[in-house]
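S.K.: Those protein sequence lines, which keep their order, are chains A and B. Numbered continuously in my numbering, the first sequence closes out at residue 332. Numbered continuously in my numbering, the second sequence closes out at residue 476.
You may find that some hints are simply not true.
[Stated by the list, open to error] Listed next, the stretches of chain B that the computed footprint assigns to chain A, with coverage defined by at least 3 CB atoms under 8 Å from CB atoms of chain A:
(1) 77-88
(2) 136-144
(3) 147-154
[Said to hold, decoys possible] With the C-beta cut set under 8 Å, the calculated list includes, among others, these residues of chain A facing chain B:
(4) I7
(5) G314
(6) L332
Just so you know, these hints were derived from the structure itself, not from any lab. Quantities reported herein were computed from a predicted structural model and do not represent experimental measurements. Virtual Cβ for every residue (Gly too), placed ideally from N, Cα, C.
Each chain, written out:
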Amino acid sequence: MEALEEIQERMTGCRRAFEELKAEMGRAVVGHEDLIEHVFIALVCGGHCLLEGVPGLGKTLMVRSLGEILNLSFSRIQFTPDLMPADITGTNILTEDGLGKKVFDFQRGPIFAHVVLADEINRATPKTQSALLEAMQEQSVTVGGKLHRLESPFMVLATQNPIEMEGTYPLPEAQIDRFFFKLLLRYPSHAELARIADLTTAAPSLPLREVLDGESVLRIRRWVREVPIAEAVKDFAVRLVLSTHPQGENSLPMAQKYIQYGSSPRGLQSLILAAKARALLSGRPNVSFEDIRAVALPSLRHRVILNLEADAGGVSAETVLAEALERVAEVL
Amino acid sequence: MIEQEQTVRQKISDLLGWEWTKRREKTLISSLFYALLVSSFLLPAQGWLPLWLSPFSVLLLFFVIFSAFFFLSRRWSESDSRRTVWLLDDQLHLAARTLTAREILGRESRAPTELLVLREAGDRLKSVEPKRLFKRSYSWDFFLTPTILVFWFLAVWFDVGVHTGHRLEESGRLSTGRKLKAFSGEIQQRSKTQGLTESLKVAENMESLAEKNLQGQLSEKALNENLTGMAGKVGEMISQSAQGPGISPTRTNQGELVDLRSEIDAFKRALPVQPPRQAGTGLEPDLLGRLAALPHLSGEVENRFPEADKMGEKELRDFLEQLDRSVRAQMDRLTLSEIQQYLEELAQAAEGETLESMRQAGREAPGKLSEGEKADARGSAVGTEPGSKEEREQALPSFQAQAPRQLKGRLAEGKSRSLPLNIEAPGGKSKVSEEEVIANYRRQAEEDLASEKIPEGLKDTIRKYFLSLGKAEKQK
Numbered sequence: 001m002e003a004l005e006e007i008q009e010r011m012t013g014c015r016r017a018f019e020e021l022k023a024e025m026g027r028a029v030v031g032h033e034d035l036i037e038h039v040f041i042a043l044v045c046g047g048h049c050l051l052e053g054v055p056g057l058g059k060t061l062m063v064r065s066l067g068e069i070l071n072l073s074f075s076r077i078q079f080t081p082d083l084m085p086a087d088i089t090g091t092n093i094l095t096e097d098g099l100g101k102k103v104f105d106f107q108r109g110p111i112f113a114h115v116v117l118a119d120e121i122n123r124a125t126p127k128t129q130s131a132l133l134e135a136m137q138e139q140s141v142t143v144g145g146k147l148h149r150l151e152s153p154f155m156v157l158a159t160q161n162p163i164e165m166e167g168t169y170p171l172p173e174a175q176i177d178r179f180f181f182k183l184l185l186r187y188p189s190h191a192e193l194a195r196i197a198d199l200t201t202a203a204p205s206l207p208l209r210e211v212l213d214g215e216s217v218l219r220i221r222r223w224v225r226e227v228p229i230a231e232a233v234k235d236f237a238v239r240l241v242l243s244t245h246p247q248g249e250n251s252l253p254m255a256q257k258y259i260q261y262g263s264s265p266r267g268l269q270s271l272i273l274a275a276k277a278r279a280l281l282s283g284r285p286n287v288s289f290e291d292i293r294a295v296a297l298p299s300l301r302h303r304v305i306l307n308l309e310a311d312a313g314g315v316s317a318e319t320v321l322a323e324a325l326e327r328v329a330e331v332l
Numbered sequence: 001m002i003e004q005e006q007t008v009r010q011k012i013s014d015l016l017g018w019e020w021t022k023r024r025e026k027t028l029i030s031s032l033f034y035a036l037l038v039s040s041f042l043l044p045a046q047g048w049l050p051l052w053l054s055p056f057s058v059l060l061l062f063f064v065i066f067s068a069f070f071f072l073s074r075r076w077s078e079s080d081s082r083r084t085v086w087l088l089d090d091q092l093h094l095a096a097r098t099l100t101a102r103e104i105l106g107r108e109s110r111a112p113t114e115l116l117v118l119r120e121a122g123d124r125l126k127s128v129e130p131k132r133l134f135k136r137s138y139s140w141d142f143f144l145t146p147t148i149l150v151f152w153f154l155a156v157w158f159d160v161g162v163h164t165g166h167r168l169e170e171s172g173r174l175s176t177g178r179k180l181k182a183f184s185g186e187i188q189q190r191s192k193t194q195g196l197t198e199s200l201k202v203a204e205n206m207e208s209l210a211e212k213n214l215q216g217q218l219s220e221k222a223l224n225e226n227l228t229g230m231a232g233k234v235g236e237m238i239s240q241s242a243q244g245p246g247i248s249p250t251r252t253n254q255g256e257l258v259d260l261r262s263e264i265d266a267f268k269r270a271l272p273v274q275p276p277r278q279a280g281t282g283l284e285p286d287l288l289g290r291l292a293a294l295p296h297l298s299g300e301v302e303n304r305f306p307e308a309d310k311m312g313e314k315e316l317r318d319f320l321e322q323l324d325r326s327v328r329a330q331m332d333r334l335t336l337s338e339i340q341q342y343l344e345e346l347a348q349a350a351e352g353e354t355l356e357s358m359r360q361a362g363r364e365a366p367g368k369l370s371e372g373e374k375a376d377a378r379g380s381a382v383g384t385e386p387g388s389k390e391e392r393e394q395a396l397p398s399f400q401a402q403a404p405r406q407l408k409g410r411l412a413e414g415k416s417r418s419l420p421l422n423i424e425a426p427g428g429k430s431k432v433s434e435e436e437v438i439a440n441y442r443r444q445a446e447e448d449l450a451s452e453k454i455p456e457g458l459k460d461t462i463r464k465y466f467l468s469l470g471k472a473e474k475q476k
């Protein structure tokens, strides 16, 4: 019974922390509440996010604010075509030790931070992109044959501009798949714009308060995996993923028409783990169907590869996924 | 925790039980609806179905078939249980807590987080009443069932449908078979009572034929042939028995014969127990008096012994035995004659029915009938009017026209007697003359006088009274 009270307290604590985080983020970032929620879910799940939006929507501000609130180290890498892998991971520099002996000293790159903003990731060459993606996946870098572990929690928030495609190197599907979420930044509304104007043109406000630390984030990561999920809910997630497959048994007509490749198993993992995190952050001990629905788009939209017909018809992955969410029954 | 666990278990059990009950009700309603629908469509074709398959049987049959089909196809499964629990979650906004708790209940080991789910689900389900939450909902077939039920009843009531020859033929067969069986039963009973051996044999044969026909082992045509053949055989038996000795050839009335037999029996009982050793000894005056009170017997005795004074008791006893046998043989002949007549009429009626049935079914009769025959056949045909079963019954020959009726009454304390009367069917005029009735009274009085119940001193008074009845009638 004591354990139960403890767990109950843990749940309440998570919900309260998340609410505080959102409130604190709201002081720095105007709007984007769902985006903030998804970024935090990805963080407590140990995933990375791909943010897509036009410049000037506050991506950098949001990532920096997140670092401040969580009291985590933050670094920003501006991806350019001439950016080399070593510029990200770091490199061995020949230095002299105290005895005057020449030794290689590893100079850590900007990847060695808790929260890394990879700005305009599609502007770097595939070689550099791969270096980042490898670090994201392995949470370590190997330089000069030596393995260097990245600090936990580690999270990469990569951004890409959807309109300026000239001179860019679009991320291959296999590498996009490594992102836990793909989040879209929408343009602020009238009221939000007015508030942004107020915030940025007035006297600077008080610095952001630290809500959580790295240790707390790691603890929540462990708790996320303990959240139970009913077989029926899991089955719904599986059917949702399968419905994106054009050749699948339960594929939707729209999927058959517009999707070239459906979501990978990583999509399902992401979906369920994110749903668990959402349940926990809501102070709920179990995953609901609503949790699955809420994280379906960010989990699956970058894992669904559309065909030429969809491009020609202006059909987006969101449209197909929205259809899937509407058509797939929660319980059979 | 045990409390919440029990609550979750109990509420889920209640919910699933309630939903299962609703499912069964819906299944029964659907089965009834579809059974009624199919039965209604089949009603016009009822004529082609076997006779034993009545509209009610058809409805019942389809109801059973549809029930079996629906119960099988809509049988409760795990997915139904899951969906029901999911609906509960959805209705109460429990965010899949009950669904998760139900799965956790099935596990042996439970993690602390899972226990928390159980607790939360238990707390929230505590005040839930599944029956109130998920009330009965009625589908379109529920509302249509009464309408189609009324339609079906009306269709059955007004006998909607095609009357096929085969069905009418079968109906006729059963009717003929039943009539024959009933008649044979009547004859058997009478034959046993009156000791008519030949009639009893024929009646047993008739019953055997009727049974075969009713069981479908004997076709209508074969039955008719058998009836005709049997009628011929009975005719032969009558003519053979007519060649035997007959004492009362003038007596052709069954009632008279019954009376005569009763008088013989009564007089036999009045005779002394020890027969006289010598022949030619005259009768006692008392016996002569009794004989005079029995009109039928005294008539026969007068015919045989014109001089009654010279008649000895022994001769009288022999005569009575001979007369008894003759009367019984005559009764047997009359009954056989009655059987023959009935069989011939029954065969004709059955043939007429078959022809009429075929005519009504639009089929060509095997042999054309004359107008008169057609009229006869029509008169006795089945289904001349919708649902006219009584008319069908009347169409068959009446075999009870000459049968003696029983007039029952109480003659003494704790003892009842029956008086056989030859009368017409109820509503007709009596054919029995007053003399016969008085004679019967006398005969029964003689029987009672022979018994020890009446004191000796009163016997003469009673006898005189009954004798005076006859005299008074003659004087009138």
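S.K.: Does each hint fit the structure? Answer for all of them.
M.R.: Structure-based check of all given hints:
1. 77-88: Result for this restraint: holds, n = 4.
2. 136-144: violated (count 0)
3. 147-154: Answer violated; 0 residues pass the 8 Å Cβ test.
4. I7: holds (5 Å)
5. G314: With a minimum Cβ separation of about 35 Å from chain B (threshold 8 Å), the hint on A/G314 is violated.
6. L332: holds (6 Å)
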